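Start from the sequences and build out the full structure, keeping to the hints where you can.
So the protein sequences, as listed, match chains B and V. So the number in the numbering used here is just where the residue sits in the first sequence, counting from 1, plus 181. So the number in the numbering used here is just where the residue sits in the second sequence, counting from 1, plus 351.
In case anyone wonders, no lab produced these hints; they're calculated from the structure. A hint or two may mislead.
Unchecked claim - Straight-line alpha carbon distances no greater than 30 angstroms define the calculated DSBU-like cross-link-like pairs of lysine-lysine that follow:
#, chain 1, residue 1, chain 2, residue 2
1, V, Lys619, V, Lys606
2, V, Lys535, B, Lys354
3, V, Lys470, V, Lys535
4, V, Lys569, V, Lys437
5, V, Lys619, V, Lys600
6, V, Lys582, V, Lys600
7, V, Lys495, B, Lys199
8, B, Lys363, V, Lys455
9, V, Lys495, B, Lys365
10, V, Lys495, B, Lys363
11, B, Lys354, V, Lys595
12, V, Lys582, V, Lys535
13, B, Lys204, V, Lys455
14, V, Lys606, V, Lys595
15, V, Lys470, B, Lys365
16, V, Lys473, V, Lys495
17, V, Lys495, V, Lys535
18, V, Lys535, V, Lys455
19, B, Lys365, V, Lys600
20, V, Lys495, B, Lys354
21, V, Lys606, V, Lys569
22, V, Lys437, V, Lys455
23, B, Lys363, V, Lys473
24, B, Lys363, V, Lys470
25, B, Lys354, V, Lys600
26, B, Lys354, V, Lys581
27, B, Lys363, V, Lys437
28, V, Lys437, B, Lys293
29, V, Lys569, V, Lys581
30, V, Lys569, V, Lys495
31, B, Lys204, B, Lys293
32, B, Lys204, V, Lys495
33, V, Lys581, B, Lys365
34, V, Lys606, V, Lys581
35, V, Lys455, B, Lys365
36, B, Lys354, V, Lys455
37, V, Lys495, B, Lys200
38, V, Lys600, V, Lys569
39, V, Lys455, B, Lys200
40, V, Lys437, V, Lys473
Quantities reported herein were computed from a predicted structural model and do not represent experimental measurements.
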Amino acid sequence: MSQSMNGERRPAKSDRLKKIFDKFFNIETLRGVSTVAVFCGLWQLVVYYEVPYLMYLPRPLDVAKKAISSAAAADYWVDWVLSLLRIFIGFIAAQVVGIPLGLAMGISRTFKEFTFPIFEILRPIPPIAWIPIAILFWPTRELSIYFLVFIGAFYIQVINVIQGVSNISLNQKLAAYSLGAKPKDIFWRILLPGSLPSIVTGMTVGMGVAWNVLIAAEMIAAQGGLGRTTWESYTNHNIPFIVVGMVSIGLAGSLCSVLLRWLGNRAMPWTKKF
Amino acid sequence: MSDPTKTPGAISIRHVDKVYDPEGVHVEAMRDCTFDISAGEFAIVVGPSGCGKTTLLNAIAGFDTITGGEIYLDGELISSTRHQIKPNVDRMVVFQNGALFPWKTVIENITYGPLVQGKMNKAEAYARAREMLDLVCLNGMENKYPEELSSGVQRRVEILRALINQPRVVMLDEPFRGLDAVAKTVMHEFLMQLFCATRRTMFFITHDLDEAIFLGHKVVILTTRPAMVKKVVTVELPWPREHKVMNSKDYLDLKGEVLEAVHEEARKAFEAGEREMA
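Below you can see the structure in the form of structure tokens.
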């Protein structure tokens with residue numbers, strides 16, 4: 182198995198460098214960059230012509246300057262670390278609890294009959310509505326925020342896993358039984374990989390909600406973090422930094438999405454090829 | 352393969368009844384269905400849509416129970432009202448819409464059976480699977496995922512996945528449905544080649560009468576619901592068959608015979624359908 186199967190030789194080092202170069206500097210990247218440039222151009226025009234209601238908008242150049250000076254300061258990166266840490270802890274906890282729970286609900290009808298109604302009553306409560314009770318419940322602010330992020334990612338994942346399990350075709354399960362699989366094989370080799378696409382979708386959507394909740398929670402209750410700093414810039418009337426904060430949150434969210442997509446492709450090589 | 356002089360895989364279907372939801376809707380799918388398939392025989396089952404062919408297959412495979420009668424495999428009771436043997440590798444099913452695992456490559460799919468049963472180690476299973484892929488000219492496909500393959504190739508892989516387990520019976524539920532006529536002729540030759548090489552009992556459900564006569568030793572025609580055996584036509588054309596046999600007089604006579612029986616049932620099914628709609 183170790184030798185290459187399709188007859189391709191390992192590319193030489195210079196080839197590999199060229200491949201990496203081609204991956205980042207190509208027409209697709211150029212298209213993306215040009216749109217960002219046009220967006221910044223329009224923004225500049227809006228500020229220049231003092232468009233009504235948008236007069237508080239800082240100039241792109243001021244924002245860029247602010248961004249550079251912030252990036253040089255350690256405080257800015259502390260906010261990044263704080264926010265990412267909160268996201269990861271809450272998000273991972275949501276997966277650790279949500280995936281097994283969803284699998285159990287998807288597999289056992291009895292278990293679902295017991296648990297689904299209470300789940301469906303709690304699920305529509307927006308995560309932000311949990312903020313007061315979370316602050317009261319948990320001994321520290323930090324724990325409350327982890328909990329809120331958890332709530333944001335949790336319900337979506339459970340729903341997705343249940344869906345994923347029910348999407349596996351009956352024939353695949355029957356085929357596996359015919360082939361000699363035992364119930365534990367069905368679980369590990371059929372149900373789990375079969376629901377993996379839904380689990381990854383649940384993670385992607387859940388990550389989006391987790392960031393929503395995190396920023397709201399930070400603005401209300403946290404010390405530090407990208408959301409908190411953005412809010413404090415408003416109270417301090419530091420308008421360029423509001424925009425820097427917003428863009429930072431956007432970048433941090435994208436980073437998480439890219440990471441999840443990469444993980445998803447690694448975990449599901451069979452879906453990558455299309 | 353195992354001892355060629357003594358192939359197992361004789362199925363005996365004795366007075367089988369199946370009623371779905373007896374207390375409620377009460378749908379009678381099979382009534383007193385009786386016929387035999389000898390070991391190493393290529394048996395074809397035809398009948399109107401929804402007549403209960405798949406019900407019978409599910410009962411033999413162990414996916415579903417019956418409400419009357421018995422089914423024996425090599426003299427051993429595998430299904431009755433009191434007794435139901437679980438699905439097993441001795442009765443392999445190839446499904447109508449395909450049931451390859453999309454998350455496994457071709458070779459992982461094929462070796463799934465022997466590996467999950469612990470019958471072979473990975474090296475043995477892979478070697479065996481490669482041999483089979485070579486036999487049917489699918490070498491080079493082993494690391495592809497099912498969705499990268501045409502539906503014809505998917506079906507072939509699924510048949511190999513069944514055969515690697517050396518089952519006593521291979522049951523195929525309209526495996527070539529949806530393939531075009533050209534692809535079908537290739538598939539028939541493929542299946543015939545594999546059948547000659549392995550001599551497993553085949554239980555093959557189809558609607559395509561040419562397919563039925565071309566492939567079968569015996570064509571079992573079922574009535575419209577509830578399924579009973581209407582007629583069993585023995586196909587005494589020499590093996591292995593080639594496609595030009597379809598022009599021979601013997602072939603056309605057989606086809607006429609089968610067509611007549613099937614048509615009668617199809618008309619009954621049609622009229623019953625009209626009544627149900629009214």
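Does the structure keep lysine 354 (chain B) and lysine 595 (chain V) at a Cα separation of 30 angstroms or less?
-> It is violated: about 40 angstroms lies between the C-alpha atoms, which goes past 30 angstroms.
Are lysine 365 (chain B) and lysine 600 (chain V) close enough, with their CA atoms no more than 30 angstroms apart?
-> violated (55 angstroms)
Are lysine 606 (chain V) and lysine 595 (chain V) close enough, with their CA atoms no more than 30 angstroms apart?
-> Measuring from Cα to Cα gives roughly 14 angstroms; hence the hint holds.
For the pair supplied as a hint, lysine 363 (chain B) and lysine 470 (chain V), is the alpha-carbon distance within the 30 angstroms limit?
-> Roughly 14 angstroms separates the two Cα atoms, so the pair holds.
Regarding the pair lysine 437 (chain V) and lysine 293 (chain B), is the alpha-carbon distance no greater than 30 angstroms?
-> holds (26 angstroms)
Regarding the pair lysine 354 (chain B) and lysine 600 (chain V), is the alpha-carbon distance no greater than 30 angstroms?
-> violated (45 angstroms)
Is the straight-line distance between the alpha-carbon of lysine 204 (chain B) and that of lysine 293 (chain B) 30 angstroms or less?
-> violated (46 angstroms)
Has the given pair, lysine 204 (chain B) with lysine 455 (chain V), been kept, meaning a C-alpha gap of at most 30 angstroms?
-> Judged against 30 angstroms, a Cα distance of about 28 angstroms means the pair holds.
Restraint check for lysine 600 (chain V) with lysine 569 (chain V), where alpha carbons must lie at most 30 angstroms apart | holds (18 angstroms)
Is it true that the CA of lysine 363 (chain B) sits at most 30 angstroms from the CA of lysine 455 (chain V)?
-> Within the cut-off at roughly 18 angstroms; holds.
30 angstroms limit on alpha-carbon distance, applied to hinted pair lysine 473 (chain V) and lysine 495 (chain V) = holds (18 angstroms)
Verify the proposed pairing of lysine 619 (chain V) with lysine 606 (chain V), using a straight-line Cα cut of 30 angstroms.
-> The hint holds at about 20 angstroms.
In terms of the numbered hints stated before, the structure departs from hints 3, 11, 19, 25, 26, 30, 31 and 33, listed from lowest to highest.
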